[in-house]
Amino acid sequence: MSIVQSYRMRLRRKHAKARSLRKGLSLRPIADRTSQIAPGDILLFSTLRNEHVRLPYFLDYYRNMGVDHFLIVDNDSTDGSGDYLIEQPDVSLWHTAASYKRSRFGVDWLNRLQSKYGHDHWTLVVDPDELFIYPFCDTRPIGALTDWLDGSNVRSFGAMLLDMYPKGRLDAVPYRRGQDPIEIASWFDPGNYLIKKNRQFGNLWIQGGPRARVFFPDEPEKAPALNKIPLVKWNRRYAYISSTHMLLPRGLNLVYDEWGGETASGVLLHAKFLDTFTQKAKEEMDRKQHYRASLEYKAYLENMAERPELWCKWSEKYINWRQLEILGLMSKGNWA
Amino acid sequence: MSVGIVMLVHTALGRAEEVARHWSAAGCPLVIHTDVSVPSKTYRAFQKSLADLPDVRFSKRHRCEWGTWGLVAASQSAAELMLADFPKVRHVYLASGSCLPLRPVQELVDYLAARPHTDFIESATTADVPWTIGGLDAERFTLHFPFSWRKHRYLFDRYVALQRKLRMKRHIPGGIVPHMGSQWWCLTRQTLSAILSDPERASYDRYFSKVWIPDESYFQTLARQYSRQIESRSLTLSKFDYQGKPHIFYDDHLQLLRRSDCFVARKIWPQANRLYAAFLTDAASAMKRTEPNPAKIDRIFSKAVERRTRGRPGLYMQSRFPVETRENGLTSAKYSVFQGFSALFENFEAWLTGATGARVHGHLFAPERAEFSEGATVINGALSDSAALRDYNPHAFLANLIWNTRGERQCFQFSPRDNQKINWDIAKDPNAQISVISGAWAMPLFQSNANFLDIRSEAARLQQIESKHLLTLRSSWTKARVRIWTMAEFIEAPMEPLQTIIDEIGPSQPQRGLSEVPKMADLTGFGQFLQNLKNQGMHPYLMGNFPVVHDLHEAPTSARKPYLVR
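As you go down the protein sequences, you meet chains A and B in turn. 141 is the number that our numbering gives to position 103 of the first sequence; each next residue is one higher, with no gaps. 443 is the number that our numbering gives to position 417 of the second sequence; each next residue is one higher, with no gaps.
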């Protein structure tokens, strides 16, 4: 990479940092328990809006995994999400009524919080409908993974977004508070993912899955990106550029091997397609606060009416991480 | 007690204390070396926590950075203290704070007591071992290494390159032959004291302090000078990955470690509570007495290294995306591409399925949709037949198809009508078996009911495309198994080439010849059709020479007796 290019990247990163400072001004601390954070703690960052029903399971899932503290931005929820989170002993909560879209879909807010509280910690950035899966997650806490990554001098860990969906109509089975969403949305597309390399940022750009198959079969370029790098040993110089799809400096995006081998990687089970989805899609269409003017939601609604089902004969039912490993959706790399 | 433990400690002091208590409870004297980087307050607390134990000493502290002399210096001073303070010790066992005894200590004591003159130290000459990091084997003994590999990689590499260029070579002190091996050893008092009190020791130390990773070569080399009997293996189970970093054991390795039958394992994740609870118990939980045999664990860890370095051939995923030429297989299994066969034979796909048992698709790259077998719209892996999705990334489509159907041979049809963007990918793929009947694309035109002017322009277009494709297939970059016949050539004797192709695919059941023959389309008038094209100024040449009037090909399938090859 030329000096000019690398300088341009630097400017881009500085710009993202400056932006996060400015956008971060709208964040109002509601419950600041950050004094509990000890050196070496694993921190989870999340932005949410009206996700009350998902929160109990979400928090417990990550507590069991070994996350020590949650730092959450509540984007003006009206369903009591905020009140629920205030009471959680390991959650620090900020509130903002500012535009989700103009904070680049929450990235600016979280960049701000991460540079303030995440420095020198392993940080996990996930949405409330994303469940992180990594090799051996059924027997080893996340601290085993981060210790191993530290020992291997690896700073970032990739986990592809895997869209999960139920068999039958999306709205057939209602989701209950505290329930494992994968009990309902337990199916996924095992082998139809398309990968390209983003030469500018060095990350892989992954599309495919049920959304490409059902919603965008004729305009695949519009299908959502599935590549994510949610787990990073954070440094205050770092910045997410577009959701958790890519970061700067660019070296953090090299979570894959280019010489034929496999590095270790995980999966984010994306439990978006529950009965709550149709409701959410309508709401978000009105707010128009999502990516590309809620293009995705629009495609969903249009397709939802004629075909409310993502399941097909070749869908695979989720069992555990080993199954995903065998299918080639994630890898143990050299972790054994 | 005849076994003394030298323990090198740098982190997780709490676990080190637990292990020290375990050794001590079995009556083994201990000398503990603590890294200088441990804060003195923590160090004092650590010393205090072990104050109640008899026969525990703390040796002079050194800085122990990976791959540096400090580790050897630490082992030296600790071993000296051990030999001086505990005269009854016969074997000295070098362990670390993250080592875990897998078998009752008494078994180790008995084992060593039965072999009073044996030194257990892995020691091999550089020429004979594959485990080298950074491409340095013999050179680690002949170059200088003043820069840290971990912290100053750039300077390290530059300086190595410079020394190679200048052909600098260090002098190896007289009489020693460099050996290397695992840094965890168990030496007898005789050998160890001979090494430590060697009159030449100062010069050896000077030499080895500039060798790269001396902790893997100092004792390993010098033990060869004095030992009466060397058993070249380590009693410590320690697995290294491809970067020279030790593999770590977790709770879920418990059964594996139980089966390992080694005396000590490293390294253990400090939070592996189940492992510590299971192995740091008294002799009551003793396991069966057997010769140490780490081979059982070998497989799992060498597989992990292979996964990291070679990966799964033909798999493209979020953490494996090889650059061109480093794919180690563009696809994961063999497959066959047939061009022109389904145009020339009426029931080719059904026949091929019967003859081979393979999965036979139509034109996967057809402009309308991917024609999966049996008219499916979605197949294995939830791969869609959408042409737009396929053409968005044709290579990923093919790689996915072959990966998703691992274990089942795939065959598909191809023609100049189809998306040609995939041509190079298939041609370069050693897994591909490509059979082409050139010019057969004219058959559908010949049979069609279109206006002749349209036929003429379509024929010109297809001929151009196929001729370009044939150039690709004949290029020197092509690695696929390619067979090309002109149409005229092929219909002269169709069974022989078919037999060859089928044999290569490997039929579902061993057959002697083909029992059934695919039905060739009616070629009556085809010569005239080609002549008409010629008369219009379009010269079809890819199908070879067809006479205008040709008795031979009048109803070829009914006229020719179906025969068996061989």
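Check each hint, because a few of them may be wrong.
Stated by the list, open to error - In silico SDA-like cross-links for lysine to any residue, where the CA-CA straight-line distance does not exceed 20 Å: (1) A:K154 to A:S64; (2) A:K234 to B:Q490; (3) A:K336 to A:E321; (4) A:K260 to B:T351.
What the hints assert, rightly or not - Which stretches of chain B does chain A cover? Using the computed rule of at least three CB atoms under 8 Å from a CB of chain A, they are: (5) 250–258; (6) 419–431; (7) 492–501.
Hint data in this document are derived by calculation from the structure and do not stem from the laboratory. Virtual Cβ for every residue (Gly too), placed ideally from N, Cα, C.
Now for the hints, and whether the structure bears them out:
| no. | hint | verdict |
| --- | --- | --- |
| 1 | A:K154 to A:S64 | holds (15 Å) |
| 2 | A:K234 to B:Q490 | violated (30 Å) |
| 3 | A:K336 to A:E321 | holds (11 Å) |
| 4 | A:K260 to B:T351 | violated (30 Å) |
| 5 | 250–258 | violated (count 0) |
| 6 | 419–431 | holds (count 6) |
| 7 | 492–501 | violated (count 0) |
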